[in-house]
Each structure stands twice: as C-alpha cells, then as structure tokens.
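Trainee: Chains as they are written, first to last, in UniProt numbering: chain A, 1 to 267; chain B, 1 to 260.
By construction, these hints were calculated from the structure, which means they are not laboratory data. Check each hint, because a few of them may be wrong.
As the list claims (entries may be wrong) - Derived DSS-like pairs: lysine-lysine, alpha-carbon spacing no greater than 25 Å straight-line:
1) 112/A x 34/B
2) 49/A x 32/A
3) 39/B x 82/A
4) 83/A x 34/B
5) 254/A x 218/A
6) 39/B x 112/A
7) 46/B x 112/A
8) 82/A x 56/A
9) 39/B x 83/A
10) 44/A x 32/A
11) 34/B x 82/A
12) 218/A x 49/A
13) 32/A x 82/A
Stated by the list, open to error - Not everything, but these chain A residues come out facing chain B in the computed CB check (under 8 Å):
14) 52
15) 54
16) 81
17) 82
18) 85
19) 92
20) 106
21) 109
22) 110
Everything numeric in this text was worked out from a predicted model, so none of it was measured. Think of the CB as a built atom: it goes at the ideal place given N, C-alpha and C, for glycine as much as any other residue.
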Amino acid sequence: MSDILIDIQHLSFSRGERQIYRDMNMQVQRGKLTAIMGPSGIGKTTLLKLIGGQLKPDSGNILFEGQNIPALSRAELYQARKKMSMLFQSGALFTEMTVFDNVAFPLREHTKLSESLIRRIVLMKLEAVGLRGARDLMPAELSGGMARRAALARAIALDPELIMYDEPFAGQDPISMGVIVRLIRELNNALGLTSVVVSHDVTEVMSIADYVYVVADKTVIGQGTPEQLRQDPSPLVQQFLRGEADGAVPFHYKAAAYEDELMELTR
Amino acid sequence: MIADRLQQIGQQAINSVRGFGRAGLMLAGALIGKPNLRKNFPLLVKQLYVVGVLSLLIILVSGLFIGMVLALQGYNVLVKFGAEGMLGPLVSLSLLRELGPVVTALLFAGRAGSALTAEIGLMKATEQLSSMEMMAVDPLRRIIAPRFWAGVICMPLLALIFNAVGILGGHLVGVEWLGVDAGSYWSAMQANVDLYQDVMNGVIKSVVFALVVIWIALHKGYDAIPTSEGISRATTETVVTASLAVLGFDFILTAVMFGG
Numbered sequence: 001m002s003d004i005l006i007d008i009q010h011l012s013f014s015r016g017e018r019q020i021y022r023d024m025n026m027q028v029q030r031g032k033l034t035a036i037m038g039p040s041g042i043g044k045t046t047l048l049k050l051i052g053g054q055l056k057p058d059s060g061n062i063l064f065e066g067q068n069i070p071a072l073s074r075a076e077l078y079q080a081r082k083k084m085s086m087l088f089q090s091g092a093l094f095t096e097m098t099v100f101d102n103v104a105f106p107l108r109e110h111t112k113l114s115e116s117l118i119r120r121i122v123l124m125k126l127e128a129v130g131l132r133g134a135r136d137l138m139p140a141e142l143s144g145g146m147a148r149r150a151a152l153a154r155a156i157a158l159d160p161e162l163i164m165y166d167e168p169f170a171g172q173d174p175i176s177m178g179v180i181v182r183l184i185r186e187l188n189n190a191l192g193l194t195s196v197v198v199s200h201d202v203t204e205v206m207s208i209a210d211y212v213y214v215v216a217d218k219t220v221i222g223q224g225t226p227e228q229l230r231q232d233p234s235p236l237v238q239q240f241l242r243g244e245a246d247g248a249v250p251f252h253y254k255a256a257a258y259e260d261e262l263m264e265l266t267r
Numbered sequence: 001m002i003a004d005r006l007q008q009i010g011q012q013a014i015n016s017v018r019g020f021g022r023a024g025l026m027l028a029g030a031l032i033g034k035p036n037l038r039k040n041f042p043l044l045v046k047q048l049y050v051v052g053v054l055s056l057l058i059i060l061v062s063g064l065f066i067g068m069v070l071a072l073q074g075y076n077v078l079v080k081f082g083a084e085g086m087l088g089p090l091v092s093l094s095l096l097r098e099l100g101p102v103v104t105a106l107l108f109a110g111r112a113g114s115a116l117t118a119e120i121g122l123m124k125a126t127e128q129l130s131s132m133e134m135m136a137v138d139p140l141r142r143i144i145a146p147r148f149w150a151g152v153i154c155m156p157l158l159a160l161i162f163n164a165v166g167i168l169g170g171h172l173v174g175v176e177w178l179g180v181d182a183g184s185y186w187s188a189m190q191a192n193v194d195l196y197q198d199v200m201n202g203v204i205k206s207v208v209f210a211l212v213v214i215w216i217a218l219h220k221g222y223d224a225i226p227t228s229e230g231i232s233r234a235t236t237e238t239v240v241t242a243s244l245a246v247l248g249f250d251f252i253l254t255a256v257m258f259g260g
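Here chain A stands alone, though its shape is the one from the complex (with noise of 0.2 Å):
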C-alpha cells in the first residue's frame, strides 16, 4: 500500500467567474496529521468539498487510495465515501435526533449490526470524546464545543481511514479548543486515522501537525513540517504564521486610489 492517501494533482476550480485553484498540487501521507492553512475565503472548505466528491474541479485529478475522485460513478463514489469522513465546521448534527442517534446514524445506515452492538459501538465513541452522560440530549441542548465533539464521534463511528476537520478550532472558548485540540491528535495516532485540517488558527494548527500547507493565491505557497515552515523564507508565508495586518497580504481591498477618490469627492 502506498504512504500516499490523497495525491491532489495539477487541480483547478473556479466558483463562476471567479478562480479559486490554480494548478496546485498537494499529498496527504497516511497516518499523519496534515492541514492546510491560509487566509480565509480562499476556499479552504471548497478543497474538502473536492475531496469528498460534492464539488467537480476544473481540471485535475484528485486520487483518493489511487481513485480519482471526479471520475467516480455515482454508485463508486458513495462507497469511496464510507472511507471518508467529514467534520463541519458547524457539526451539522441532525437536529430532529438524540445525540446517541446521530452517532448511530452511519452504523444503521451501513451496516447490518445488531441494535445491541449499535449500542456498544456508539457508547464507546461517546466516551472516546467524553460525551457518553449526554447521549440522551438534543443537539439544541449541547453548547458549540458539546456539538463539534458529537459530530467528531458520530464521523468516526464507521472507523473511517480518513477524517476531514473543517475550521474545527472557529469560535471556541479556551478550555474547548484545548478539548479537540487534544482529540484530533489523539484520535489520529490511537486509531490510525489520516487527518486533515483546515483552518486559520495557526498556533493550534503548528501544535500538532505532522505536515503544514499554506494556501493563498490559489495556490500552495508554502510547505513543510512546522518546524520547516518557521523556516521559510517566503514573505506571504511568515506575514500568515505572525498574523501581522499589513505585508505581502495587503491590508486594503483592491481600490482606487485614495487620493483620487477624496479628491473625486471635493469635485
């Protein structure tokens, strides 16, 4: 078997007129814990969303376990989807069901397991991220980080060879962000699983990634262990890991000039 899980090569993806992807090229080893990085609205969650099948590209090839994704038949694509799992941002729990349900919900539909392995399967999860006392709760009833942890036991009820986290660090408190912090490295080393996260929050990201992309200008710009990365000599590159507000990054929106525009209105 190949150390290579996701092999994304020569990909381009536009969203109407506008380019998203530009020929960009990028591996996902397996067993590791990659992310990718970089301002946000440059379409991090669309490149999940190529992933996982639900977006077309341009032009491209993204292989999954040597599968080319956009080539796949309905029926192929559902099936290289059991192997993937995805956390949203949101947690995109379904709101109708208990959260034991919700963690029930991928066993029921693909698997024929009894009622009572069901049970067993979904208390283990539970308790994999510390929620097995509010299986009985209304996803309405969990606080966001509650949520985000049902979610992150209801995608890997199947035992997935691959977890996809959308911005799992976005607007949470501390204590929680310490809390999936920790379950993403821990999932990924005690399972086995490949791990993929995308997300803007650099501190947390450089804390446990195996391997970092930075993604901007549609393309990669910058790639490496995180330790590589403090390395790299690309403005674009250290202006993102600093977080300063002017630099290769401009500040301003595409404008005119200032001057002009003032001037414009004296007129």
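Based on the hints, put chain B in the right spot on chain A.
Mentor: Coordinates of chain B only, in the frame set by chain A:
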C-alpha cells in the same frame, strides 16, 4: 433598449427552464431506484404524521366553516325559488368538485408546504444535507422521498375529510338551524351526486394538487439559498407558487372534467 428587454426576457426564460430541470432531477433522484422498505417505512410513517396528522386540525375547522357558510349562502338564494330542498346537492357538489380539493391544497401549501420548505432549507443551511452526503447517504432518498410520498398520500385523504366535515357543517346550518328537511337534504344529495363524476374527479384533482404542491415545496427548500433571507424567500415562494399552480391546474382540470 429593446435588445436589453429581449435579453432580460430570454434570461428569465432560461432561468425558469433551468429551475424546472433542477426540480425534475431532484424528483427523479428521490424516486427512481430500488426502495428499501425496512429503512424507508418508518421514515414514511413519521412524515405521514408530521405532514398529515398535524394538518388535520386546520382542515377540520376550515371544512366545517366552509360547509356552514355554503349552506347559509345557498339557502338564501334557493329559498327565493322555493328550492331549499336542493341545499344538499349544492353543498356537496360545491365541496366535492371544487372547494374540497382546492381549499385543502391551499391550506396544505400554507400549513405543510411552507414547513417542509423551511425545514429542508434549514437542513441545507446547517450543512445537514451535505454531511449526510459525506456519510454516503443520499439526502434525496432519505429526506426528499418520504416527504414526497407522505404528501401525495395525505392530501387526497385530507380533502375527503374536508368534504365530509363540510357536508356535516352544511347539515348543521341548513337542517338544524334554518329548518331544511333532513330527509330532503340527504336524499337529494344521494340522487344528485355521482360516484365517478363527482367524488372520483375530486379525488383525481386532489392527487394532482398534491403532486404539484409537495413538489414545489420540496424543490424550493432543496434549492433555497442557504441564508436566512434565502430561506424566508423560498418559504414565501412555496406558498405563492403552489397556490397559483393549484388554481391554474384547477381551471384546466375542471375544463377537462366538467367542461364538455
């Protein structure tokens, strides 16, 4: 100027054809394929409850009042000709042929249709549909299909209940209050209502309305722009489009059924 206008009209035509295409694809995706009874039957039952049973109250109350009003108005006219014995057929034919199916469909669009649109639109906005897809579960089969069938099964039944309650309402006002003879109310009704021509045609109408209303409601929800504004617009569009479509189809069906 004229070219611009033409372009606009063309654009609108293309958009509406696209909309029809997407709606058709959605329905085909939901309905074509091998049904899995073990999994789908419980989902259907739940939707029958949500879409049908929960709509029962508004249907019962509206049916009763419409029957009562029909009897009151009809009596005032008929009594001038000494024909109040024909009150039964007047009430029952109005209900069976027109008011039952049409008013039920309009109420259904407002009560259940808007709820379905909002529910599915919100599922889309909160990424529930997306996450279902990522779990290799087809949201069309899992979310859209049971709701569609529930609507198609429920609405004709609701229309029949509406008719029955309406006729009882007519009885209440006509016979109990205004003093029409009970025997003539029922026997004239029996003599003038034809099972196929009146009852069945009403049911056929109601099935057509059900297909139209539920399809529009599901499509508007599934196609909604996933923002709060988009969902509110989709919900409004469901009620407006579905109501207009029902009235339009009613005219066509009436012309075909009773026109000749």
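Trainee: Verify the interface restraint on residue 109/A: the C-beta must sit less than 8 Å from at least one C-beta of chain B.
Mentor: Hint holds; residue 109/A Cβ to chain B Cβ min 5 Å, cut 8 Å.
Trainee: Please verify that hint: residue 106/A, Cβ, nearest Cβ of chain B, below 8 Å or not.
Mentor: With Cβ-Cβ at 5 Å, under 8 Å, it holds.
Trainee: Is the straight-line distance between the alpha-carbon of residue 82/A and that of residue 56/A 25 Å or less?
Mentor: It holds: about 19 Å lies between the C-alpha atoms, which stays within 25 Å.
Trainee: Taking 8 Å as the limit, does the beta-carbon of residue 110/A come near enough to a beta-carbon in chain B?
Mentor: This interface hint holds because 7 Å falls under the 8 Å limit.
Trainee: Quick one, is the residue 52/A hint okay against chain B at 8 Å, beta carbons?
Mentor: Holds, because the Cβ-Cβ distance from residue 52/A to chain B comes to roughly 5 Å (cut-off 8 Å).
Trainee: When you check the alpha-carbon spacing of residue 39/B and residue 82/A, does it fall within 25 Å?
Mentor: holds, 18 Å
Trainee: For a C-alpha distance cap of 25 Å, please report whether residue 39/B and residue 83/A respect it.
Mentor: holds, 22 Å
Trainee: Does the closest beta carbon of chain B sit nearer than 8 Å to the beta carbon of residue 85/A?
Mentor: holds, 7 Å
Trainee: Residue 82/A was flagged as interface toward chain B. Is the shortest Cβ-Cβ separation under 8 Å?
Mentor: holds, 5 Å
Trainee: Regarding the pair residue 39/B and residue 112/A, is the alpha-carbon distance no greater than 25 Å?
Mentor: holds, 11 Å
Trainee: Holds or violated: residue 254/A with residue 218/A, Cα cutoff 25 Å?
Mentor: Holds. Residue 254/A to residue 218/A sits at ~17 Å (cutoff 25 Å).
Trainee: With 8 Å as the cut and Cβ atoms as the points, is residue 54/A at the interface with chain B?
Mentor: Since the shortest Cβ distance to chain B is 6 Å, the answer is holds.
Violated hints: none; the structure is consistent with every hint.
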